[in-house]
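Residue numbers (the UniProt record's numbering), protein chains in the order written: chain P, 1 to 253; chain E, 1 to 313.
No wet-lab data here; the hints were simulated from the structure.
Errors might be hidden in some of the hints.
[Unchecked claim] Derived contacts from chain P toward chain E, CB cut-off under 10 Å, selection only:
1. Asn-53
2. Ser-88
3. Met-91
4. Arg-112
5. Ile-116
6. Leu-172
A quick note: this is a predicted structure, and the numbers were derived from the prediction, not measured.
Beta carbons: idealized from backbone N, C-alpha and C, even for Gly.
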Amino acid sequence: MEKVYKMQSRNLQVFYQNFQALQGINMDIEENKVTALIGPSGCGKSTFLRSLNRLNELIEGTTTKGQVYLDRQAVYTNEVNVVELRKSVGMVFQKPSVFPMSIYENVAYGPRIHGITKKNRLDDIVEKSLKSANLWKEVSNRLNSPAARLSGGQQQRLVIARVLAVDPEVILMDEPASALDPISTARLEELIAELKSNYSIVIVTHNMQQAARISDYTGFFLNGDLVEFNNTADIFVNPRDKRTEDYITGRFG
Amino acid sequence: MELITKPGLSNCEKKNRSLIVAENRHRRVDVEKLIEKTLLLSAAVFVLIIALITIFIFAKGLPLFSKIGLGDFLFSNQWNPTKGFFGIGTMFIGTLLVTMGAMLWSVPIGLSSAIFMAEIAPPRIGKTLGQLVNLLAGIPSVVYGFVGLIVIVPFIRESFGGNGMSLLAGAIILGIMILPTIINISRDSLLAVPNDYKSSSLALGATHFQTIRYVIVPAARSGIITSVVLGMGRAIGETMAVVMVTGNSAMIPTSILAPIRTMTSNIVLEMGYASGDHQTALFATGMVLFLLIVGLNLIINRLAKAGTDDGRG
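Whenever a hint applies, use it, and build me the whole structure from the sequences.
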């Protein structure tokens, strides 16, 4: 079967003022797979992730060169509607950032701003999204209570439900488990494995075991460069680059 | 060298050293206690001052109600101290109307400015505007009153008729004076909203305006309401500027161009020559103002608590 690439980057360079954070990244992100990005802090993983849905633009003084493609459509052009792009390419952040609203309102927020107002439509979306995020059973009897009262792991799954509610195709995750305890992390990893069948997932992680457990492909970033990108099994068992080997064996970083 | 000699210290030396440490610690604890006591004393002094002021106002004002019923005092429109009529109804309404008039325009403008400064303007410009607002807050109220008298009163006289000293002039000046309160506190609470909310909302495909409208402002809600209530308190308590531009006749205004007298104006205008029951009535007016402000502060405390509950938006 031929590989289908959901997103691709070509010679992607990102500058924060004079600092070049990405040195021309070429990467192919396969559909319905989990792609993990690993590497030391400040080496461009998150920058790369945030450039896939043009969220870097929020930081003043950022310039982007090169191109990103979603389904072979260029993302960095004036004609592209950023709102539509971000609907298709959802994002989960490091800290579970639930809005100070009820559980229901958190999930309904996305569909609402995209024009869905009918109560029963919203109810359906909320239920479906919470079910897909493995959270429905825990919260179905208290949808109207404040989301902030949920545990950290539940909050992160709520954030994922909120992303699912706008019906994305790609989900970007920026160290989604770094603020979670081991049990919540395990549940999150299970969830990622389930979501893979419907979504393409790109995940930044500092946890190498996590990358090895959940991803199909792994990219190793160092100083704004993509040093190595390959099947996860190959990267961890048989790294081609010395620097990759040093990193995954814990010799630096 | 020292490192090498350390293990060689005799037992005796070790003991001495530990004794000295203990003594130092002892002295430090004494100093800390002294500091704590001083701070406690300062706090006690300030509580005492507040208590004394409160007792004084009530002691001076309450005797009025042995002669006049509370209802007559609050709701009668007859204020004629020489004949023994002490009804502050007109002044109460005057305060209410001029405060409402001020809020009516300064809340929307103040809130919009705060949103602009916190969310839309580039940080450098937002900061400059913030300093400008602080400047506005630092101008003494008599200067506001003076500007009102020289600029706004004649402007109203010439464009709308009447003599210009009016409810409208008071509402305009008061509105300007409470703008800094509303803008500063609202802006601070908007800036305190975690950046993650904004990124998350934008990453869901929301526009900047939708993010402000549905996430950032609701998250800052308790701070925004606090700013409005504090502004209201300031408007109710303001005296000098209001005395200078509102004309001060103790009548229920028939239009926004008619003069009014507020409770604060009433006190400042008559305290110079008031004695006996008249003076008591002015203190009773002060009591009413005091209770109004206490009430507003209680509301703010409530809101602050509601805000920490991460309640629903």
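Each hint, compared with the structure:
no.	hint	verdict
1	Asn-53	6 Å, holds
2	Ser-88	9 Å, holds
3	Met-91	4 Å, holds
4	Arg-112	8 Å, holds
5	Ile-116	13 Å, violated
6	Leu-172	8 Å, holds
The structure fails to meet hint 5 from the earlier list, while all remaining hints are met.
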